[in-house]
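Chemist: Read off the chains here:
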Amino acid sequence: METSTDSLPPGSEFPSGIKIKILGIGGAGTNTVGRLELDELDAKGETEIAVINTDAQSLADSPIKEKLLIGRSLTRGLGAGGEVEIGRQAAELDREAIEKLIGEVDLVVLVVGLGGGTGSAAAPVIAEVASKTDALILAFATLPFNFESERRRKIAEGSIGELRQLVHGLVPIPNDVLLQEGEADEDVPMLNAFAATDRWIGRAVNCLRIMLLKAGLINLDLGSLRALLRERGGRTVFGVGVASGEDCVKEALGELAICPLLHLGDRPERFDRILINIVGGADLGISRVHQIMSQLSKRFNCREDIIFGAVVDPARNQSLEICVLGKAGVDVPESTPRPGEVESTAGSMMASESLNLESAIAQDDRPPRTVHQSKLRGKKRQVPDADQEEFLFVEADAQRGYFEKTDRNLYKGEDLDVPTFMRNGLKIKIKI
Amino acid sequence: MSASKVVGAVEIGTTKVAVLLGEILEGEGLNIIGHCVASSKGVKKGEIQDLNAASDCVHAAILEAEKNSNSRIDEVYLAQTGSHLQGTFSVGTTNVSSPDNIVREIDIEQAKEDAKRRKLPVGRTYLHHIQNPFSLDGQPVDSPLMREGERLQVGYWSVHGDSNKVKNSLRVIHGIDLDVNDIIISSIASGAVLLEDAEKESGALVIDMGGGTTDYVLYRKGYIVKTGVIPIGGDHITNDLSLGLRVGRRSAEDFKVNNGRAYYESADQEEKVWLFGDLTIGDREYPLPAITKIIEARVSEVFQIIKEQLEDAELYHPAEIASGVILTGGSSQLDGIDECARRVLKLEAHLAQGPRGVAEELRHPRYSTALGLLHYALTGQDEKQRSLKSGSLLRKLTGFFNFD
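For the record, the sequence lines run as chains A and B. Our numbering puts the first residue of the first sequence at 1, with every later residue one more than the last. Our numbering puts the first residue of the second sequence at 1001, with every later residue one more than the last.
One thing to keep in mind: the hints can contain errors.
Keeping only pairs whose Cα atoms sit at most 35 Å apart, straight-line, the calculated DSBU-like set for lysine-lysine is [what the hints assert, rightly or not]:
hint	chain 1	residue 1	chain 2	residue 2
1	A	K154	B	K1307
2	B	K1165	B	K1016
3	A	K412	B	K1165
4	B	K1293	A	K154
5	A	K429	B	K1307
6	A	K427	B	K1016
7	A	K427	B	K1346
8	A	K431	B	K1272
9	A	K412	B	K1167
10	A	K405	B	K1293
11	A	K250	B	K1293
12	B	K1293	A	K427
Covered stretches of chain B (in silico footprint by chain A; criterion: 3 or more residues with CB under 8 Å from a CB of chain A, positions within the stretch not fixed) [claimed, not checked]:
hint	segment
13	1039-1049
14	1241-1255
15	1288-1301
Hints in this document: simulated from the structure, not taken from any laboratory. Cβ atoms here follow ideal geometry from the backbone N, Cα and C, with glycine treated the same way.
With the rest of the complex left out, here is chain B:
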C-alpha cells in the first residue's frame, strides 16, 4: 500500500459539489474508490460567495467520500471556474542558436520561456500554460528537435484568474487540512475525459453548461486552442422563468425540469401546462410557448456568445471542428439543448456519452469534470504536448496558503 496514494478530485460547482477518490498505484493505474455528490451552497456563477457555507458542504462531501471508500485523501486536485478566468494566446520566438541551424533542447526551452514571460497585472495568477504547436520558419512542426531552421516559434494558450478567487477555492480545501496538488480549470478537465484522441485531432468543442457557468474548450488538431467561461448557467434559466412567468424560483425550476425545452416550436402553441397541477387555489395554466421561448432566448444566447468568442479569436472554422459540439454539465439535461446548439453554432452537436472504462454511475455528466481531474492526477504532469503545469507561480500560491 505504501506505493499507492489516494487523490481527491473536487469540483465546487454552483449547484453541486462532486468528489471522486482515486487510488493511484505506483503511478501506473488508477482505481476510483469513492465518490460523493452533494448540493452546493454559497456559490453563484461558479464563484464562492460565502466561504463558510461553501466550506461546510465541500467538507461534508469529502468526508462522505472518504467514509464510503474507507480511506484518507493524500492530496487534492481542484477544479476552477468563474468569469474571472481569462485566456490569452501568446507566441514565443527564438533564433536557433547553433551555427548549423539544428534545433536543440535549449532552443525549445528558450522559445517556451519567451512565450510564458508575459507578466500579469497584480492580483492575477496563471493557472495554465497550454502548449500549442511549434513552427519552424513559419512551418508548423510537431517536434522541432534536431530539425533544421532559423526561427523557432511556439504558441501557448495561457489561462489566468483572479488570485483572491483562486485563493478562496484553495481555502476551502485547506480548511479541512488537505493540500491542493493542482488546480485545473473545469472545461479542460471535462474535455480531457469526454473526448477520444481522434476527436481532439479532428477538432471538437466541449461545452459544459452547469448551474452557474458555461465552460468550453476548443480542441484543434489535438491541441487546446481556446477555453472560456461564460457566467451563465441553469440558474439563469430558472431566474428568467421566475421573472417571465411571475412565479417563485421553485416553481420556475419545476417548469424548467418538467416542461423545459431549449427551443420553441410551433407545435408548442396549443400546449398548456399547470403551475402546480394539484387543483389547489393559486394553481394556473401557462402556455407552453412562454416557457420554451424564454429558455430558447437564454440558451441560444449562450451558444451565440461562444460563437462570437471563437470568431473573435479567428477559431470559428466548422471544418476544423469536425467532431462538432459535445455537451455536458447539469444543464445539458435540458431537452433539445443539442438541437439549439446545432442551430446557433452551425455545428454537429450531441450529448456527451460519458467516458468509457468507468462504472455506469460515474458516466453521468455530473462527474465529468471530477473524472477529468483524476485523469490529470494520473497523467497530467507527464503529458508532453499539453503540459498543464504553470510551475512555480501556482506552487507559490498554494504554498502561501498552507500557512493559514
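Next comes chain A alone, as it looks inside the complex:
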C-alpha cells in the first residue's frame, strides 16, 4: 500500500503549462497539505500549495511557505474555536486576500477537514471566491468520526451540502472508513486514520498531477477533467489501486476493488461519467492497457463510456497505479447559482464541451421519482451481473446507501443504520 505516487521524476516534461493550486483550509487541511509537500510533491512551479487558517500558531507551524491568516481582526489569530459563524466571517473579511492567493490557475484543489469552525465555514466562502475564476475546483473533505459529537457531524453535513453546489467535484473522505486503513496498530486507530487521510489525498493529488502533466500512451488532459466535472453539484467518487511486483496488474485491480473510498455507505449505484488513468512502467504495453480497460469496463456501471488514460513512467517498472474519478447524480437539482458563477464556467468551456453538456441532459432518461411504479416496469434496469455488482447498490441515487428513504434510525444519538463496527471504531482486517 505504501508504494504509490512518488513525485514526478526529474526531467519530466510539463507540456501544458497547467497551473495547479492546492489550498489547505483550517487546522486539519493545513496539517494535511503540510505533509503533502514534505512527502509527495517536488516544487516544479506547476503546483503551488498554500494554507489558510484563523489560527496563527497552526500557520506558523506549517512548513508551507504561502500562508494566509484570515479574520485577524475577529479572532486575533487565535482560531475560530469551533464556531462556524466566526469561521465564515473570518473568510468573508478576507475575501480579497483569498482571491489574490488563488490567483490565475487552471485547477484549484481544496483540502479541508469538516466539523470544526474554520474549515467547515471558510471552505464554502473560499470555494465561492475560486468559482469566480475560470479554474476547475476539486475539494477533498474529511468527515468527522461517528463517535464525535453530533454537533460536529451536523456542521460537517451542512458544509458538505454547501460545498457540493460550489465546486466541480467534492470527494468526501469519512474518517470512520479510513479507520480501517493502516496496519493493525490497535492502540492508535485515530492517528492511523489521519495518516490514511493524508495518504489518500496525497495519492489523489499525485494521480491528478500525473494525468494532467505527463504526456501519456493514451493522453488525458485538463479538457478531459473538465468534461468529467463539467457541472457543479452531484457526487464525485475517487478511488485508487496500487501494486508492484510481478503480479501487479491483478493486484492493483484487487486493491482498487477494495478501495475504501469506492465503498462508502452512500456510494452511487451508477455513475454518469468515469475517468480512469493507469500509470505503469515501461512494461505497460498497449495490449496490457487494453486488458486492464476491459476488466474495468465490466466492473463499473456508467452511463457514458468510461474515459481511459494511460501513462508510462519508466521509473515505475513492475508497478501499476489505477486511478478512478467518477461523477454521479449530476441531474440532482442545484440550488440557485450565486451571481456570476454560471457564466464564468460556461465561458471557459470549449465549444464541444458545451455541446456534450446539452446532449448529456437530453440523453438523461432517468425516470422522475414520482412516477407510478407500474409505469416504470418496462424501463426497469437490468439486473447487473455478478461482476458489476461489486460496485453497485440495489437502490438508485442513494444518499444514505441502502437505507435511504427510510426513517432515520436514531437510538441514543447514534444512527443505527450505520454499521455497528464503524460506530464502535472496531477495526476489521480484510486482507489476508
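Add chain B to chain A, keeping to what the hints say.
Modeler: For chain B alone, kept in the frame of chain A given last:
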C-alpha cells in the same frame, strides 16, 4: 359450509410475505388449508416504502394461497411491525363504588376505562390495549370480582402506531378488495404460538429477528408486559458486511448465509473464505474474523438494546424470565445467534421449535407470525385476560379505508 369462514393471515415482512389460509369451523376449530411465502418488495425496516411494489407481491401471494387451497378469503388478519410502533404502560384506578367494598363488574369496567383513556397525539392510533394484572389495595389479584377492597387498579400495556403507516398496510389489503378484521403486532402474534402457557407463566422473552426489524415480546407471570420493535434486521447485517468487506450486497448476503456466525471466536483467526470460490478474476480471500466480528458487533448490539429497553422499564429480572429467550424469524437461522443472545442478555436462549400441532412445513420460523395471526383469528376476541381488542378506534380506522 355456511357455518365456516376462511381467514387469511398476512404478514408483510421486509424480506418475505407470508400468507396462511385458515378455515374456522363454527368458531370451534381451525384448519390450515393454504399457504404461500413470496419475496417481499418495497418494504424496508418493516415499513412499506413503495405501496405499489408491496401491493403487487402481497396480492400475488394471497391469490396463490387462495388458488392452492381452492377457496376464497372472507377476512384478513394482518401483522404490523415497524419502528413507529410504541408502547406505554398505564394504570387505571377506581374507588370501589359499593358501600360494602365488594368489587363489582362496574368497578372493573371503570378501572379499565381509566387505564385506556389516555388520548394519543394526532396521527397516532392504538393497536392494542393488553391487560395486565389487577391489584386491590396494592395486592395483586387475578380476578377481583366479588373480592373486598377499596381501591382497584389495573395495568395496561398499550401499543400505538403511526396512523398513516398503519393505513398503508391496510391499503395493501384493501387493494385486493379484502377487509382487515384485525391488526396484530408481529411480536405478539409470534409469541402467542411459540410459547406454551407454562413458559408464559414462568416468564419468557420472544425475539423475532427478521429482515428489517427485530420484534420482541416479554411475558411475565402469564401477561404480556412489554413489546418492542428495533428497526434492525438481517438487512443490516448484509449492509454492514457489504461496507466492511467492500463487496456488493449479493456477495455480502452469501457470506452471511454461508460463513456467518453471530459471535467471533479465536479459532476463526486462521480461517479464510473465498469471495466467489470459483477461481475467476476478482475472486479473493477474506479472513473469517472479518465476517464474524462485523456480525457479532451488529447482533450483540440488537440484544444489548433489548436489554437496555427492559432495564429502562424495570423489567429485566432474569429470575422472572425463567424460560429464557426464544429466538425466531429469518435471522434466527444465523449460526450462533442463541449463543450471542445468551452472552449479551445473560439469559438461557434457544431457537423456537415451531408450534406443536401444525404440519412440519409450517413449523419453520417464517410462518410463526402468520400462525399467531390465525391463533388470534380463532381465539383472540374471547381471550379474557390478554384481550387484544382496542375496540372502536381500530374499527374506525379500518372503516375509514373501506371507502377508498
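Chemist: Each hint needs a verdict: does it hold in this structure or not?
Modeler: Each hint, compared with the structure:
1. This hinted pair checks out: K154(A) and K1307(B) have alpha carbons roughly 29 Å apart, not beyond 35 Å.
2. A threshold of 35 Å between alpha carbons decides the hint, and for K1165(B) with K1016(B) the separation of about 18 Å falls inside it, so the pair holds.
3. Straight-line distance between C-alpha atoms of K412(A) and K1165(B) comes to about 24 Å, which keeps the hinted pair within the 35 Å bound.
4. For a cut-off of 35 Å, the pair hint linking K1293(B) to K154(A) stands: about 29 Å separates their Cα positions.
5. Proximity of K429(A) to K1307(B) is assessed by CA-CA distance (about 29 Å); at most 35 Å being required, the pair is judged to hold.
6. Between K427(A) and K1016(B) the alpha-carbon distance is near 33 Å, which keeps this suggested pair within the 35 Å criterion.
7. For a cut-off of 35 Å, the pair hint linking K427(A) to K1346(B) stands: about 26 Å separates their Cα positions.
8. Of the pairs offered as hints, the one joining K431(A) and K1272(B) holds, with about 10 Å between alpha carbons and a cut-off of 35 Å not exceeded.
9. A distance of roughly 29 Å separates the Cα atoms of K412(A) and K1167(B); the hinted pair therefore holds under the 35 Å criterion.
10. Our distance criterion of 35 Å between C-alpha atoms is met by K405(A) and K1293(B), whose separation comes to about 28 Å.
11. Of the pairs offered as hints, the one joining K250(A) and K1293(B) holds, with about 28 Å between alpha carbons and a cut-off of 35 Å not exceeded.
12. Taking the CA atoms of K1293(B) and K427(A), the gap is about 9 Å. The hint holds against a cut of 35 Å.
13. Residues of the segment 1039-1049 of chain B with a Cβ under 8 Å from some Cβ of chain A number 5, which satisfies the need for three, so the listed coverage holds.
14. Using a Cβ-Cβ cut-off of 8 Å, 10 residues of the segment 1241-1255 of chain B lie near chain A, which meets the minimum of three, so the contact claim holds.
15. Check result for the segment 1288-1301 of chain B against chain A: holds, 7 residues qualifying (beta carbon to beta carbon below 8 Å, three or more required).
In this structure, every one of the numbered hints holds.
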